[in-house]
Amino acid sequence: MIVLLTDFGHSEYVGVMKAVIFNCYKTGNIVDLCHNISPQNLIEASWILSNNYHYFPEGVVFCCVVDPGVGTPRKAIAVRTVKYYFVGPDNGLLWETLKEQRIIAVRTLNIPKDASQTFHGRDVFAIAAAKIAMGRFEMVGAENCEDIVKLELFHSGNEGIIVRIDMFGNIITNIPFQEKDSYHVKIGPREMEMKFYSNYASAPENQLFLIEGSNKTLEISLKNDNAHKVLPALHQNGTGPVQIGQRVIIS
Amino acid sequence: MIVLLTDFGHSEYVGVMKAVIFNCYKTGNIVDLCHNISPQNLIEASWILSNNYHYFPEGVVFCCVVDPGVGTPRKAIAVRTVKYYFVGPDNGLLWETLKEQRIIAVRTLNIPKDASQTFHGRDVFAIAAAKIAMGRFEMVGAENCEDIVKLELFHSGNEGIIVRIDMFGNIITNIPFQEKDSYHVKIGPREMEMKFYSNYASAPENQLFLIEGSNKTLEISLKNDNAHKVLPALHQNGTGPVQIGQRVIIS
Amino acid sequence: MIVLLTDFGHSEYVGVMKAVIFNCYKTGNIVDLCHNISPQNLIEASWILSNNYHYFPEGVVFCCVVDPGVGTPRKAIAVRTVKYYFVGPDNGLLWETLKEQRIIAVRTLNIPKDASQTFHGRDVFAIAAAKIAMGRFEMVGAENCEDIVKLELFHSGNEGIIVRIDMFGNIITNIPFQEKDSYHVKIGPREMEMKFYSNYASAPENQLFLIEGSNKTLEISLKNDNAHKVLPALHQNGTGPVQIGQRVIIS
Chain A
16 MIVLLTDFGH SEYVGVMKAV IFNCYKTGNI VDLCHNISPQ NLIEASWILS
66 NNYHYFPEGV VFCCVVDPGV GTPRKAIAVR TVKYYFVGPD NGLLWETLKE
116 QRIIAVRTLN IPKDASQTFH GRDVFAIAAA KIAMGRFEMV GAENCEDIVK
166 LELFHSGNEG IIVRIDMFGN IITNIPFQEK DSYHVKIGPR EMEMKFYSNY
216 ASAPENQLFL IEGSNKTLEI SLKNDNAHKV LPALHQNGTG PVQIGQRVII
266 S
Chain B
16 MIVLLTDFGH SEYVGVMKAV IFNCYKTGNI VDLCHNISPQ NLIEASWILS
66 NNYHYFPEGV VFCCVVDPGV GTPRKAIAVR TVKYYFVGPD NGLLWETLKE
116 QRIIAVRTLN IPKDASQTFH GRDVFAIAAA KIAMGRFEMV GAENCEDIVK
166 LELFHSGNEG IIVRIDMFGN IITNIPFQEK DSYHVKIGPR EMEMKFYSNY
216 ASAPENQLFL IEGSNKTLEI SLKNDNAHKV LPALHQNGTG PVQIGQRVII
266 S
Chain C
16 MIVLLTDFGH SEYVGVMKAV IFNCYKTGNI VDLCHNISPQ NLIEASWILS
66 NNYHYFPEGV VFCCVVDPGV GTPRKAIAVR TVKYYFVGPD NGLLWETLKE
116 QRIIAVRTLN IPKDASQTFH GRDVFAIAAA KIAMGRFEMV GAENCEDIVK
166 LELFHSGNEG IIVRIDMFGN IITNIPFQEK DSYHVKIGPR EMEMKFYSNY
216 ASAPENQLFL IEGSNKTLEI SLKNDNAHKV LPALHQNGTG PVQIGQRVII
266 S
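Residue numbers (our numbering), protein chains in the order written: chain A, 16 to 266; chain B, 16 to 266; chain C, 16 to 266.
Please note that the accuracy of each hint is not assured.
Which copy? The list can't say, so a pair holds if one copy fits it or any two copies do.
Here are the computed lysine-lysine pairs in the BS3-like style, where the Cα-Cα straight-line distance is at most 27 Å [as the list claims (entries may be wrong)]:
hint	residue 1	residue 2
1	Lys41	Lys98
2	Lys238	Lys165
3	Lys238	Lys201
4	Lys98	Lys114
5	Lys90	Lys231
6	Lys128	Lys210
7	Lys238	Lys128
8	Lys90	Lys238
If you're looking for bench data, these hints aren't it; they were derived computationally from the structure.
Predicted, not measured: the structure shown is a model, and the values here were computed from it.
All chains should be modelled from the sequences, with the hints used to inform the complete structure.
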């Protein structure tokens, strides 16, 4: 099984990657983890992968393409861990996911001379993922003994960052939930008091609140509405919408 | 085969549900019916499910997650009918679909103690759907002899509601088509005369018209344009865009 | 394998087509090539199909539904070429793809009397695609000896058209890449000088540039930003955003 994670949205780029995979891995199963990563956003991609890969069955090949450096000499890699395989650009995207697993082998992917300079998803990563799913991990390229590029998502105690804004408008942080009734929230110049509710239905309307998200971290939410869109209007001492990567203190 | 219907849009939440399903139902087939239900909109979800479930093959398990009450004591249920299985929150979403079928059994889903309070799609519904697809309907929880929550989509003669706004901007009602050349349409304070055309190409541009939609009800449409976006500008005695659930009279 | 290409976006219309297909072609594999074609845009659909069909394995059935003439007497066709099958309305969508292949047979699809006048994707094309995938090409309708409707995407030397705007905001033309450091670009009343970069990372920020896209034609791009959204602000002698189908000269 191959799992795709990209910032290609609803474009044909995803369909074309599947075409290339099925050309080689004919009886395969391809699952879309997520394609609506904000364009080029490594933090968001890293968060989604590291929190969700372990729900997939053992042996899965994750093919991850968020790749602002496509066409430059950045490396493309394949990594084998005890339970999974990962394919993607060596730009930090895989780091948070790999650091908690035992790595068995790393390969540097061959980049064909006629590969597009803008679409390695099709010409490099899809081909490598298909080969690995067919049992040919050793054939994707030479062994790589160098360190993998690190991208740590900052987190220390009650300080962290915004890691994801979901389609309901929930603003997701990487700060772990602690049992408290109310919190002081600081995002850049904005400071806000927010109550905690254990589920959406218990919260009052028209009032930003904190909830424990499905990855056990704190999320800023708004009942039957979109916290991300409404926050700037409620807290005008900020400058427009909050953004992925922004520092947050929740105390 | 498991069919998914959610309001999760293009988020990773759909991919994670598939991960959980494939962990159990390894050789399964998962089909996306629709994920762009307006957030928490039970009317829209109910309309789409009740009009489309019968196109799927016998034996399919529908896993439906539009769940504003997640984390509250609302029940989660699995229903077996003569031809299909349905899994979802007991909040009315399933009612219009179930009322036209013979129900054989209903079970109340077990909710694990460590289930997230915000994502039963992953921790409750995906697991139940996978078990049912594996032939273990009886193992999802205890028998449920209480009535299922009802949500009837209002319709009486030429009065009904807006049930869906599709991605072309067609405003879909639940009022059955009748053969007439022109209609009087009333939506809230707005009153409009509209002609009927049997296909898009026959209609003139820049003029809202009625057409028989693919579920045999009346839709408000605009040739080569988006009726939903344009309607407020054409009929200013309204208050912004029309909304799902709003009353409509077409006579 | 059946591949879907439509302008249905994220609506349930795609899921319903899959339901109809699986009712007949039970063990089938359905792949989404792309559903976010701009509504009714035959140029964009034609470009995406003609540039990408050849990545799919031999024998694939392409089911293509961008169909502004649905419900009119326009024909619906199935085409067998040496390597593939194509199903869709006979409105030009298939022309650019078919003209480079050897056509073996063409059939006119039967349109059932009770087919919806607005959704042949479900009632005509999905059924035909499933039959063909089951090996019954001859059963979809009578032989068609007439010419297929032509829609050529204009291109002559350094003149062409905008054929696609992708989700990163890249403005894709059908003008082939030539090795040059800088170009003069003319789109309607707008005239601009643009440099060429071989990859995104080499380009400076805040400056529109040209790049060779993954189909070997010139694209207008903007590093870490959306060229399509920004172009009108940078070049105000135009009239709003550029559009698919617009003439372009790049010299």
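**Study point:** Violated hints, by number in ascending order, as checked against the structure
**Key:** Of the numbered hints given earlier, the structure breaks none, since each of them holds.
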